[in-house]
Amino acid sequence: MGAKIVTSSRDPDTAVFDRIVAARTPWSGMLRSGQVLSIVDLEGQQAVDTLFYAADDFAERYCAQATLAAQGSAYIGAGTLILSNRGRTMLTMLADTVGEHDTSAGACSCEANTVRFGHHTRYMHACRENFVVELAKHGMTKRDVVSNINFFMNVPILPDGELAIVDGASKPGDYVELKAEMDVLCVISNCPQVNNPCNGFNPTPVRVLIWDA
Amino acid sequence: MNASDSPRKDTPEFHRARYLELKAQAKAANSRRVTARRSENPREIPQELIMVQDLIPGGWYRSHRLPRGNSLRIANEFATHGVSVLLWNAADPSERYNPADTVKVQWTARIGPGKLLFSDMGRVLASITADTCGMHDCIAGGSTPESNARKYGADSHHRNTRDNFLLAAGKQGLGPRDVGPCITFFAPVTTDSAGRFVWRYGAIRLGDYVDLRAEMDLLVALSNCPHPLSPEANFEARPVRAMLWRSPPAAADDFCRTATEEAVRAFENTDAVLAS
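Line by line, the protein sequences give chains A and B. In terms of numbering that gives the first Met the number 0, the first sequence has 208 at position 209, counting the first letter as 1, and numbering is strictly consecutive. In terms of numbering that gives the first Met the number 0, the second sequence has 197 at position 198, counting the first letter as 1, and numbering is strictly consecutive.
Please keep in mind that the hints were generated in silico from the structure rather than gathered at the bench. Mixed in with the good hints, there may be bad ones.
[What the hints assert, rightly or not] Lysine to aspartate or glutamate pairs mimicking EDC-like chemistry, simulated, CA-CA at most 16 Å apart:
(1) A:Lys-141 with A:Glu-128
(2) A:Lys-136 with A:Asp-56
(3) B:Lys-22 with A:Asp-166
(4) B:Lys-150 with B:Glu-235
(5) B:Lys-26 with A:Asp-159
(6) B:Lys-22 with B:Glu-260
(7) B:Lys-26 with A:Glu-161
(8) B:Lys-8 with B:Glu-20
(9) B:Lys-22 with A:Glu-161
(10) A:Lys-141 with B:Glu-43
(11) A:Lys-178 with A:Asp-211
(12) B:Lys-150 with B:Glu-260
(13) A:Lys-170 with A:Glu-42
(14) B:Lys-26 with B:Glu-260
Here chain B stands alone, though its shape is the one from the complex (with noise of 0.2 Å):
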């Protein structure tokens, strides 16, 4: 075969060719990854390793900073309907969590174990190191006044996400433009058919847990009020346990590193950024 054969790389068949290709590959990854190898991490972490921890009373905040190579627990000890949390690169905080590159760079909605929290700027904020639950929402986001007064009343005035992270953002010297889309923990949003959101009964367990590996350093936002989608008529007020612990350093075969092409190109952008 001499030159002229091979496809010209600026025409639509060829991206499209391409484009295909990384569809399938993505898609056999993610069906693989349905019977994930399980965590590493303990269920249990031992006090020495924990830095920091914290029962967050339902309805709370709280913001940390967390040093890359620590990790994040959430553990749903109360089985609460939603802890949503915001990151942002400690460093320079203009890039921030960003859902909708989650998604798309991951072909899935269906964020949990091994998958990456990603910023604006095609690199790795977080890692999933853990996860117990697999059933988290990326589309629908956390509580507002509106949305807590359509579910519980126009006069109940419960505490709501959008303005505990205007408050756990102020007090990382960041303002209500630092405060995006979120993603939201223990929120089992799915969607039918027609793109109605559907809320998976049954998929908050109690002592449910995941950790959130810093890949760079971050201002992380927790905000532990319940899902605008939650079914619950009521406002229940259940705290949820946040711990920063000292977590094992990624091994150079680390799952959540090596997984999928995207994420091997990912690291080769947050970590040629971080050595610099």
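If we strip away everything but chain A, and leave its shape as in the complex, we get (with noise of 0.2 Å):
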């Protein structure tokens, strides 16, 4: 695979945020233009579901087809620019040490967990139950959730079109780093999925560090 390993010199001492976001739970928070967030995957192998939205107009949002049309490949990485639902560039990846994150399926659900895993698993938690909560501390609702960034998560497109959640290829420390182009909020759901490999079977911690332009 054409993964594309770029490191980051930046210390997380000097970060104006640092906060540890607790296995199977959200954050939010908004970025400046200018100002640049890392997540970190503590432990490795733990995706993290990622939306963003303009601070100024909720209504404009990240759109992954949009953003994988633009770049004509079918993963995030290293120089990835994150396009919105108006072609604007909301942000730009600099920094991955792992090479490559999907964008193409989605949170999970409850509901689409009945689906995938049977009927007996609609009452485990989800990145979708995340994603409502925590939108609706922003006046946002399940209307908003569009399809989102799954930061760590390692899901193959093959060329025959086979697509699978595979194991996680993030080891513990790794991260990612994005600079915001323009004001905007960001919304993550630290996945609770343990009946696929997207987070080794086992949802762990993540860091979550804000630096100033």
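Please assemble the complex out of the two chains, which come individually in their own frames, going by the hints.
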């Protein structure tokens, strides 16, 4: 695969925000244009479902399909321009120590889990539950959930179309770093899924850092 | 074997074994379907079964209400490079087409004959009951003002799918927040081993068609704009035919409903709500 590794020299001690997001929980925060966001996969193989909304108008939000069509390839990585549904660049991916991240397989939900894994999984926690509760803090609803980025989630799409979540490629301490190109709201679900390999069948905490421009 | 020998159901080992079992089943089912049985839908739909038909000009859009059990035929009579589609539950449009669940649940981005279009609620919006093309795109989306500018030049000002969907949604009482990612029929986008998109030349043929059978009452929007990854350097505005028709009811052994255990559960979710 064409994985590109780009490291960063930013020092956590100079971050203006530094927070552990517990396993299975959501987080949201505002990024001002020029600020840099880092998500650290502390223990490895932990999917972090992520959405972005323009701070001044939440109807403008991350668009997975436009982002992929513009770059001509199927995964998010260093150099990817994160585009909105109005074609504007919301963020630029500066650094990535993993290489490829999914944005086509979406967030897990209680409802899709019943189809994928059996009706007995309906009452297990899921990313969409996190998203809806976190979005409500910002006046949004389920309608506002669109296809998200899955940082640290490994979903190869094969030439014959086969698509499956496979073991994550991230090791403990791997990270991504993104620079906000406009003021954006970032909404995260630290994925609680245990029915597939996206979290190594064992959800773990991640760390979120923000640096000023 | 006594009870203490059975695997504990809350362990990573149990979940991994279950996942790999589902994956193997799906892989077998998807490879069987490469030679999927022929559709029983007629190639030429009898006139008395057609409720509405329209030739959508290149670049334009149309939206329809499609009652459960009826079908939308999209007939690519002029080999247009992509017809993008959005679907909503007519009774509650906050439930809408979800390409991520559509590809994830069915373990493939190759959505073709016999496959299902999923909503975000673990339910089936529509079944693909006929498909003579089998090459459609769920990953890279429809055209936008920006993709048109990249392809045709900044001053080209051709129509685009993003704006078409805003218009189509608006005419059904919906707003920009209801316009999510789409599926584009007759857009043969695949990936190479490095994840680069590859357009399969020759996969779009005159006269190919798909039938989408509504599995609940739907709102449907169609946008007839060339796909952003179509290799044609010029904006080729070819019309496409869309027909709403009275299709036969699904039989008990309907292929779309019974092909996989995921399909069976999805229809349990779908039919349970509709029956209540």
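Here is how each hint holds up against the structure:
With a C-alpha separation of about 9 Å, the suggested pair A:Lys-141 and A:Glu-128 falls inside the 16 Å cut-off, and the hint holds. Between A:Lys-136 and A:Asp-56 the alpha-carbon distance is near 15 Å, which keeps this suggested pair within the 16 Å criterion. For a cut-off of 16 Å, the pair hint linking B:Lys-22 to A:Asp-166 stands: about 13 Å separates their Cα positions. For the proposed pair B:Lys-150 and B:Glu-235, the alpha carbon gap of about 12 Å is at most 16 Å, so the pair holds.
Our distance criterion of 16 Å between C-alpha atoms is met by B:Lys-26 and A:Asp-159, whose separation comes to about 11 Å. Of the supplied pair hints, the one linking B:Lys-22 and B:Glu-260 holds, its CA atoms being roughly 12 Å apart against a limit of 16 Å. For the proposed pair B:Lys-26 and A:Glu-161, the alpha carbon gap of about 8 Å is at most 16 Å, so the pair holds. Straight-line distance between C-alpha atoms of B:Lys-8 and B:Glu-20 comes to about 15 Å, which keeps the hinted pair within the 16 Å bound.
Distance check on the hinted pair: B:Lys-22 and A:Glu-161 sit about 11 Å apart at the alpha-carbon level, within 16 Å; holds. Distance check on the hinted pair: A:Lys-141 and B:Glu-43 sit about 40 Å apart at the alpha-carbon level, beyond 16 Å; violated. A distance of roughly 10 Å separates the Cα atoms of A:Lys-178 and A:Asp-211; the hinted pair therefore holds under the 16 Å criterion. Straight-line distance between C-alpha atoms of B:Lys-150 and B:Glu-260 comes to about 42 Å, which puts the hinted pair past the 16 Å bound.
Note on A:Lys-170 and A:Glu-42: the hinted pairing holds, with a Cα-Cα distance of about 7 Å set against a maximum of 16 Å. Restraint check for B:Lys-26 and B:Glu-260: satisfied, since their Cα atoms lie roughly 13 Å apart, inside the 16 Å limit.
Hint compliance for this structure: hints 10, 12 are not met, and every other hint is.
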